[in-house]
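Novice: Respectively, the protein sequence lines represent chains A and B. Mind the numbering: the first sequence is residues 1 to 312 in our numbering, read in order. Mind the numbering: the second sequence is residues 313 to 676 in our numbering, read in order.
Since the hints were made in silico from the structure, they are not lab data. Glycine included, every Cβ here is placed at the ideal spot set by N, Cα and C. The reader is advised that the hints may include incorrect statements.
Said to hold, decoys possible - Not everything, but these chain B residues come out facing chain A in the computed CB check (under 7 Å): (1) L439; (2) L440; (3) G536; (4) D538; (5) F674.
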Amino acid sequence: MPKRTLDRLPLRWTLLDKLEAIARFLWPARLRGATGWLFITPALLLVGVLLIGLGYMIEYSLHELDLSTYRLKDAYTLDNYVFLVEQPVYLRVLLRTLLAATLVTAMTLFLAFPYAYLMVRTPSSALRKFLLVSLFLPFFIGQVVRAYGWLIILGKEGIINTVLLKMGLPALDLIYNYGAVVFGLVQYMLPFAVLLIVPAITAIGEDIELAAESLGANWLRAFWHVVLPMARPGLVGAGVVVFTLSMTDFAMPEILGGGTTDFIASAIYDSFFQLSNSGLGAALSIVLVTLGSILVAIVFRLTGAGTLSIRQ
Amino acid sequence: MKNRQQIKNMQRRTALKATAAAAGALAFPSLLRANDKPKELIVRAWGGAWGEALKAGVADPFTAATGIKVRLDFTEDNEIKPKIWSAVDQGRIPPIHVNWDTSTNATISALRGVTVDLSDLSNLEGLLPLAKPAGLEGYPLVNTYAYVYVCAYRAEAFPDGPPTSWKTLLDPKYKGRIALYDDGIGFNPIAVIAGGGTFEDIPDNMEPGYEFYRQLKANEPLLGEDSDFTTWFQNGEIDMACTISVNARAARQNGIDVQWTVPEEGCKVDTDGLWIPKGLPENEEYWAKEFVNFALSREAQEKWCSLLGLPPVFPGIAPPEDLIGDPSYPTEAEDFARLVSVPSPVLVENQPKWFAKFNEIFQG
Numbered sequence: 001m002p003k004r005t006l007d008r009l010p011l012r013w014t015l016l017d018k019l020e021a022i023a024r025f026l027w028p029a030r031l032r033g034a035t036g037w038l039f040i041t042p043a044l045l046l047v048g049v050l051l052i053g054l055g056y057m058i059e060y061s062l063h064e065l066d067l068s069t070y071r072l073k074d075a076y077t078l079d080n081y082v083f084l085v086e087q088p089v090y091l092r093v094l095l096r097t098l099l100a101a102t103l104v105t106a107m108t109l110f111l112a113f114p115y116a117y118l119m120v121r122t123p124s125s126a127l128r129k130f131l132l133v134s135l136f137l138p139f140f141i142g143q144v145v146r147a148y149g150w151l152i153i154l155g156k157e158g159i160i161n162t163v164l165l166k167m168g169l170p171a172l173d174l175i176y177n178y179g180a181v182v183f184g185l186v187q188y189m190l191p192f193a194v195l196l197i198v199p200a201i202t203a204i205g206e207d208i209e210l211a212a213e214s215l216g217a218n219w220l221r222a223f224w225h226v227v228l229p230m231a232r233p234g235l236v237g238a239g240v241v242v243f244t245l246s247m248t249d250f251a252m253p254e255i256l257g258g259g260t261t262d263f264i265a266s267a268i269y270d271s272f273f274q275l276s277n278s279g280l281g282a283a284l285s286i287v288l289v290t291l292g293s294i295l296v297a298i299v300f301r302l303t304g305a306g307t308l309s310i311r312q
Numbered sequence: 313m314k315n316r317q318q319i320k321n322m323q324r325r326t327a328l329k330a331t332a333a334a335a336g337a338l339a340f341p342s343l344l345r346a347n348d349k350p351k352e353l354i355v356r357a358w359g360g361a362w363g364e365a366l367k368a369g370v371a372d373p374f375t376a377a378t379g380i381k382v383r384l385d386f387t388e389d390n391e392i393k394p395k396i397w398s399a400v401d402q403g404r405i406p407p408i409h410v411n412w413d414t415s416t417n418a419t420i421s422a423l424r425g426v427t428v429d430l431s432d433l434s435n436l437e438g439l440l441p442l443a444k445p446a447g448l449e450g451y452p453l454v455n456t457y458a459y460v461y462v463c464a465y466r467a468e469a470f471p472d473g474p475p476t477s478w479k480t481l482l483d484p485k486y487k488g489r490i491a492l493y494d495d496g497i498g499f500n501p502i503a504v505i506a507g508g509g510t511f512e513d514i515p516d517n518m519e520p521g522y523e524f525y526r527q528l529k530a531n532e533p534l535l536g537e538d539s540d541f542t543t544w545f546q547n548g549e550i551d552m553a554c555t556i557s558v559n560a561r562a563a564r565q566n567g568i569d570v571q572w573t574v575p576e577e578g579c580k581v582d583t584d585g586l587w588i589p590k591g592l593p594e595n596e597e598y599w600a601k602e603f604v605n606f607a608l609s610r611e612a613q614e615k616w617c618s619l620l621g622l623p624p625v626f627p628g629i630a631p632p633e634d635l636i637g638d639p640s641y642p643t644e645a646e647d648f649a650r651l652v653s654v655p656s657p658v659l660v661e662n663q664p665k666w667f668a669k670f671n672e673i674f675q676g
């Protein structure tokens with residue numbers, strides 16, 4: 001090898017050597033075992049901040065509002081939680097929220113799975129592109145704008161009712177009710193679910209389906225006994241995401257609900273902002289977080305965390 | 313030699329001027345504050361017709377007079393409240409200089425001790441008694457005008473004339489085509505009277521009002537905010553609503569078929585006001601006070617309130633032509649007698665309970 005080459009290494013090599021030296025200085029070899037922890041430190045810090053916030057919320061929830069000063073009293077009490085239990089309206093709103101979240105999750109998964117399956121399996125690239133664009137176009141439009149769009153379409157003098165009236169049919173009450181909120185949420189959640197299911201279906205080799213069919217199963221049986229079980233990680237992940245997002249949603253019930261189909265997030269908003277009662281709002285928030293966590297834990301318990309490709 | 317003497321004289325004169333200026337500044341700290349003008353003042357406001365009226369009637373003339381820009385912040389009144397409270401509690405500079413607020417909300421902030429005393433404003437003198445906040449010492453806020461929660465209706469839906477009673481809301485003919493504010497604000501006392509109670513029942517016996525709400529629920533009212541009412545009327549989705557006259561008037565001025573009336577049970581009259589949060593730098597607080605003071609001047613009150621279509625607290629200002637004789641524009645004692653006024657301290661103490669019950673009935 002000529003001497004000149006050894007003396008004068010390419011600039012990139014020199015730079016990389018220097019960077020490596022700096023890295024060795026900052027992160028010596030003996031710390032290599034902790035490299036993984038280093039990478040998850042930002043995530044841990046973020047979760048830590050959230051936990052601190054949660055701690056404050058728990059603290060606030062244990063103080064009652066003093067109406068003469070509109071500040072929380074110093075004394076610790078469970079009165080806010082007692083108030084929530086004694087007021088049947090909160091239980092009704094909570095049940096309404098849970099029912100809606102369940103319905104939205106079921107409907108969204110039912111619609112998202114064939115959509116994702118078709119998008120992955122179609123041999124037509126034009127159809128795949130069309131499905132992708134159809135998925136992402138509404139995804140880029142904010143939730144509030146989409147909800148207002150539905151007001152224009154479903155309103156009492158909206159497009160659908162105008163057509164119905166022109167056909168001599170009676171106008172329908174399509175908005176400002178529970179159904180409209182569920183419908184709006186399904187439409188909003190669909191792209192999330194599809195995006196979470198697509199990788200799961202992509203991971204199932206097409207040859208596995210072919211193998212099932214070559215062994216005598218028709219497409220439906222192969223789908224039911226092979227594709228669906230193998231896509232379970234995607235379905236569970238999408239279900240958990242859609243359920244939790246629906247359960248904590250605020251905009252859709254506010255805009256499409258007409259004020260009489262509030263979800264628990266609206267009750268939290270009202271407590272914090274309209275009633276200026278941060279203690280009550282915090283108590284409601286803690287109830288929501290606890291309930292959501294328990295439900296997700298049950299799902300993982302039933303399906304196993306392995307469904308999300310987490311090693312158990 | 314002469315030059316040296318001149319220089320010495322000049323230095324002496326300069327020194328004397330500087331000393332005099334310093335002494336003046338110490339003697340009149342307001343002079344310093346007045347000269348140290350902030351680039352802008354941030355005033356929280358409501359949007360739509362409300363914000364436009366404040367801009368044209370107060371903000372723009374104030375800028376013309378002082379050179380200080382006024383930026384309107386349209387954060388929801390209930391949402392700015394905790395932001396100001398936490399800023400004051402934590403010793404941070406509040407996010408706004410002046411809060412245009414309902415008197416009830418402003419009273420709550422005053423009770424919490426986050427408002428600056430406005431008693432030294434020169435334009436307070438000679439204002440109507442309405443300007444003085446009820447149940448509070450001094451002026452932790454100042455009321456700027458009165459407003460009425462009228463019965464707004466689509467004329468097309470009432471061919472036989474305007475509704476004469478709030479009980480029309482219970483008529484099945486209007487099922488799903490009526491609206492109230494989503495917290496019952498503006499209607500709670502009226503519900504008591506419409507439900508067979510009397511003004512004296514408020515606040516101790518609200519049951520007639522709750523019973524009225526229970527019946528009203530069967531007629532499926534929409535519940536919303538100011539902007540919703542305009543949209544609903546515009547889209548022909550409601551026929552009748554309890555809303556502030558400003559919204560109804562703005563809708564009519566925009567060509568929407570909306571009229572309003574004061575039914576036999578009366579309408580709730582209330583006030584809005586201005587207040588300044590504590591914790592602003594001294595010069596900014598000074599100019600925020602100047603802004604509030606200007607808003608109370610005849611010039612500002614005349615234009616601002618005329619645009620809103622509301623009776624100002626400055627006496628002797630004639631109503632806009634389209635509102636002469638309108639029951640939603642009370643000016644005389646007998647006009648106010650037709651309306652229902654609940655003092656802010658009573659509202660502050662009871663509104664949370666009323667809201668809880670309202671929620672229980674309509675969210676059930």
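Novice: Next step is simple, just say for each hint if it's right about the structure.
Specialist: Hint check:
no. : hint : in the structure
1   : L439 : violated (27 Å)
2   : L440 : violated (28 Å)
3   : G536 : holds (5 Å)
4   : D538 : violated (13 Å)
5   : F674 : holds (5 Å)
Hint compliance for this structure: hints 1, 2, 4 are not met, and every other hint is.
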